[in-house]
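The task is simple: from the sequences and hints, build the whole structure.
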Amino acid sequence: MSAEEPTAADEVRTTIDVSTDRPWAWLGLAVFWGWLVVRWVNDFLLPESIAVPGAQSFLPAAPFASAAESLAVTAASLGAVGVPLDFVAGLLSFVAGAIPSLPALARGAWLTIVLTVAGIALGFPIAVLLSVARVYGGRGLRWLSLSYTELIRGTPLLAQLFVLYFGLPLTQIVREVPGVGSGFIPGTAAVVAILGFTINSAAYQAEYIRSALESVDAGQLTAARSIGLSKREGIRYVVLPQGLRYAIPGWSNEFVYLIKYSSLAAFITVRELFFRAESIANDTFQYTELYVLAGLFYIALVVSASVLMNAVEDWTAIPGLGGRR
Amino acid sequence: MTLLRVETVDKSYGDEEVLNGVSFEMDRGDVDVLMGPSGSGKSTMLRCVNRLTDVDSGHIWLDETDVTAPETDVNELRQDVGMVFQDFNLFAHLTALENVTLGLKRVRGMPEAEARDAARDHLEQVGLAAQAESYPAELSGGQQQRVGIARALAMEPKLMLFDEPTSALDPELVGEVVDVMADLAEGGMTMLVVSHEMGFARSAADDIHFLDNGRIVESGPPEQLFERPEHDRTEAFLTGLQSGEHR
Amino acid sequence: MQAGDWAFVLDNADYLLTGAGVTVGLTFAALAVGFLLGFPAGAVEVYGDGLLARAVSASGVLLRGTPIVVIMLVLFFVVSVSQSAFVTAAVGLGLRSAAYQSQIFRGALQSVDEGQLEAARAIGMSRFEAIRHVVVPQALRRSMPGFQNEFTIVLKDTSIAFAIGLAELLTRGYDLFTQTGRSTAVLEVFLAISAIYFVLTFATNRGLDRLADYYAIPSGENR
Chain F
1 MSAEEPTAAD
11 EVRTTIDVST
21 DRPWAWLGLA
31 VFWGWLVVRW
41 VNDFLLPESI
51 AVPGAQSFLP
61 AAPFASAAES
71 LAVTAASLGA
81 VGVPLDFVAG
91 LLSFVAGAIP
101 SLPALARGAW
111 LTIVLTVAGI
121 ALGFPIAVLL
131 SVARVYGGRG
141 LRWLSLSYTE
151 LIRGTPLLAQ
161 LFVLYFGLPL
171 TQIVREVPGV
181 GSGFIPGTAA
191 VVAILGFTIN
201 SAAYQAEYIR
211 SALESVDAGQ
221 LTAARSIGLS
231 KREGIRYVVL
241 PQGLRYAIPG
251 WSNEFVYLIK
261 YSSLAAFITV
271 RELFFRAESI
281 ANDTFQYTEL
291 YVLAGLFYIA
301 LVVSASVLMN
311 AVEDWTAIPG
321 LGGRR
Chain G
1 MTLLRVETVD
11 KSYGDEEVLN
21 GVSFEMDRGD
31 VDVLMGPSGS
41 GKSTMLRCVN
51 RLTDVDSGHI
61 WLDETDVTAP
71 ETDVNELRQD
81 VGMVFQDFNL
91 FAHLTALENV
101 TLGLKRVRGM
111 PEAEARDAAR
121 DHLEQVGLAA
131 QAESYPAELS
141 GGQQQRVGIA
151 RALAMEPKLM
161 LFDEPTSALD
171 PELVGEVVDV
181 MADLAEGGMT
191 MLVVSHEMGF
201 ARSAADDIHF
211 LDNGRIVESG
221 PPEQLFERPE
231 HDRTEAFLTG
241 LQSGEHR
Chain D
1 MQAGDWAFVL
11 DNADYLLTGA
21 GVTVGLTFAA
31 LAVGFLLGFP
41 AGAVEVYGDG
51 LLARAVSASG
61 VLLRGTPIVV
71 IMLVLFFVVS
81 VSQSAFVTAA
91 VGLGLRSAAY
101 QSQIFRGALQ
111 SVDEGQLEAA
121 RAIGMSRFEA
131 IRHVVVPQAL
141 RRSMPGFQNE
151 FTIVLKDTSI
161 AFAIGLAELL
171 TRGYDLFTQT
181 GRSTAVLEVF
191 LAISAIYFVL
201 TFATNRGLDR
211 LADYYAIPSG
221 ENR
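Residue numbers (our numbering), protein chains in the order written: chain F, 1 to 325; chain G, 1 to 247; chain D, 1 to 223.
Just so you know, the hints here were simulated from the structure itself, not pulled from any lab data. Don't take every hint at face value.
To be verified - No farther apart than 20 Å at their CA atoms in a straight line, the calculated lysine to aspartate or glutamate pairs in the DMTMM-like style are these:
| # | chain 1 | residue 1 | chain 2 | residue 2 |
| --- | --- | --- | --- | --- |
| 1 | G | Lys158 | G | Glu76 |
| 2 | G | Lys105 | D | Glu129 |
| 3 | G | Lys158 | G | Asp63 |
| 4 | G | Lys105 | D | Glu118 |
| 5 | G | Lys158 | G | Asp66 |
| 6 | F | Lys231 | F | Asp217 |
Quick look at the structure:
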């Protein structure tokens with residue numbers, strides 16, 4: 001029906017390949033995650049006596065700033081020859097400017113990851129139900145499933161978030177739930193955002209799973225039934241295991257999509273990565289530094305997701321079924 | 001008059017030697033057939049003649065032109081050499097007529113009306129005037145291949161190369177293509193053909209070259225190769241061919 | 001949900017529909033930019049080599065890995081492409097779309113059988129002519145499904161121009177309930193807007209389906 005139907009077979013792979021002959025990329029990712037995890041442990045788990053204060057970054061910014069200054073002076077005195085030095089000076093001053101905001105961005109990144117992972121994980125079971133209903137269900141079920149996916153995929157995510165946050169009295173209800181907002185558990189707005197991402201992601205995942213299920217040869221289910229399995233068992237033990245493997249490229253897409261579009265949660269006051277970057281930028285007017293930093297964070301997350309999904313694909317591959325060629 | 005002269009051509013893909021010192025000559029109007037087991041280098045030899053593949057060493061002369069020389073204009077050369085492919089390779093987005101007119105209009109610069117007339121003549125020559133407005137997907141394999149032949153002929157080449165033209169066809173469609181090729185041969189076209197079609201080789205070929213592992217093992221007229229081959233290898237291959245072993 | 005709130009929506013229908021007009025205009029502008037940049041980029045990634053191909057590929061990765069909201073804000077506040085929010089949004093969405101369209105075209109160009117190019121060269125066409133007259137026409141047709149997909153994505157992403165205050169459909173809806181103080185009508189307003197978006201995506205999908213059928217190459221089978 002809707003033309004937005006990427007089939008599992010001719011999916012345009014928008015994931016990024018980190019080939020093994022790019023050691024600096026692996027190094028960069030390792031540094032990124034290493035620092036991020038240490039920061040989170042420090043902020044959320046370590047007792048106050050030994051932890052670095054939440055607002056303070058691990059590295060001091062001052063050395064970078066002074067190094068930048070002296071390099072810039074040297075560069076100026078060298079004239080035209082000093083241009084590369086000037087470039088390095090610019091980089092160092094960028095780093096100096098960026099360092100103080102890193103702790104806040106790390107906390108934002110935590111929320112970004114929580115929003116993304118929760119949205120996909122919670123959306124998955126709903127998506128499986130939707131796609132099975134669409135492929136194997138009777139007329140009524142099929143129509144229901146189709147309406148759901150068409151409506152959700154035909155409207156912007158931001159509008160959906162606005163409906164949930166501003167339109168419905170959800171915040172009042174969620175606020176009352178015990179545990180919301182303390183420690184690890186996300187606050188009210190974030191929970192509403194997760195709900196929005198779940199509903200949205202379920203619709204997209206349903207499409208990927210549906211087309212993957214349809215790529216499984218019809219003869220598979222026939223064979224399953226011919227040895228006495230019920231239709232439900234046949235779907236569960238024969239069709240789904242194959243279909244879900246075909247859906248992996250779709251999930252890679254969805255994962256990358258949600259990492260980026262989790263930034264929209266900022267508009268319903270969720271203090272994730274983008275929100276943090278924007279608020280610091282508005283305070284310090286360091287628009288360039290903060291947005292470039294945010295961009296770098298997102299790219300690191302996206303590349304990590306791609307690497308992860310590639311690994312999943314290889315791990316679940318069976319000869320002749322799925323896996324990367 | 002020698003039209004094609006192939007002189008000690010070598011070609012390797014990595015460690016694999018595909019052509020090894022291959023030499024032969026063709027006069028104008030000759031019909032030569034290259035035969036041999038798969039992997040013997042026949043198709044590669046063909047593709048070297050119109051520079052779809054470059055030789056590692058040796059020379060190929062078409063009339064006065066050194067095909068293999070780096071300064072030779074490849075695009076001009078290919079106007080003089082027509083090629084028919086095993087998989088037809090018809091332009092999927094164009095009708096049969098447009099497949100033939102494309103080269104005439106874009107390469108030879110012919111105006112539309114003139115190109116269409118010439119194209120229709122060539123389609124008629126291969127018996128497909130009625131299918132001019134059909135798209136490749138609507139035609140049978142044999143019809144597609146005949147359009148491919150018309151497309152190559154339209155450029156009025158000096159030499160026609162056929163790369164296993166019937167290998168991808170269902171048996172009952174082979175005949176219509178072979179008939180067209182036989183007519184061409186009779187009309188005096190110089191043809192270099194890679195094929196397993198023994199009937200065509202026997203009746204139309206002036207010379208058959210048997211290739212094995214990149215070398216010409218034996219060359220000679222059909223009567224010689226089929227009845228009194230000089231080499232065991234040749235005999236073994238051709239017997240296998242006759243009993244339907246090689247396809 | 002109250003009847004009075006729906007009446008409020010109806011009263012402001014023309015305000016919202018003008019926003020829908022801005023949305024549609026922005027979509028077309030962004031897609032045009034995306035095509036003009038994305039098609040050559042895809043061709044470069046397939047046929048180019050060396051520095052240019054690598055640079056194109058790298059910029060594509062960057063644009064596809066960065067959230068659209070970040071791209072828009074960078075273009076507005078850091079690079080300051082234009083005073084006009086519409087132009088900035090069109091450029092931002094256009095760049096993002098170009099990065100995705102380049103992948104659509106890259107896949108389509110690569111999916112055209114090698115033999116097509118060979119056959120074109122065998123009749124004496126230069127590489128460029130062969131690509132232009134034989135490969136590209138087929139690749140464009142094969143790009144249609146991906147392009148349809150991209151159309152709806154861009155249409156929905158125009159809502160993110162909210163971040164730079166462009167008065168498109170979503171922003172107008174937001175303004176409607178914040179500025180008029182009719183906070184009870186929030187749900188109705190956003191439902192109405194969602195409905196408009198849905199109609200827009202549905203209509204464009206159908207329209208593009210028709211277009212794809214019109215330009216399709218006839219196949220021998222009855223599909």
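Practice prompt. Output the numbers, in ascending order, of every earlier hint that fails for this structure.
Written response: Failing hints: none at all.
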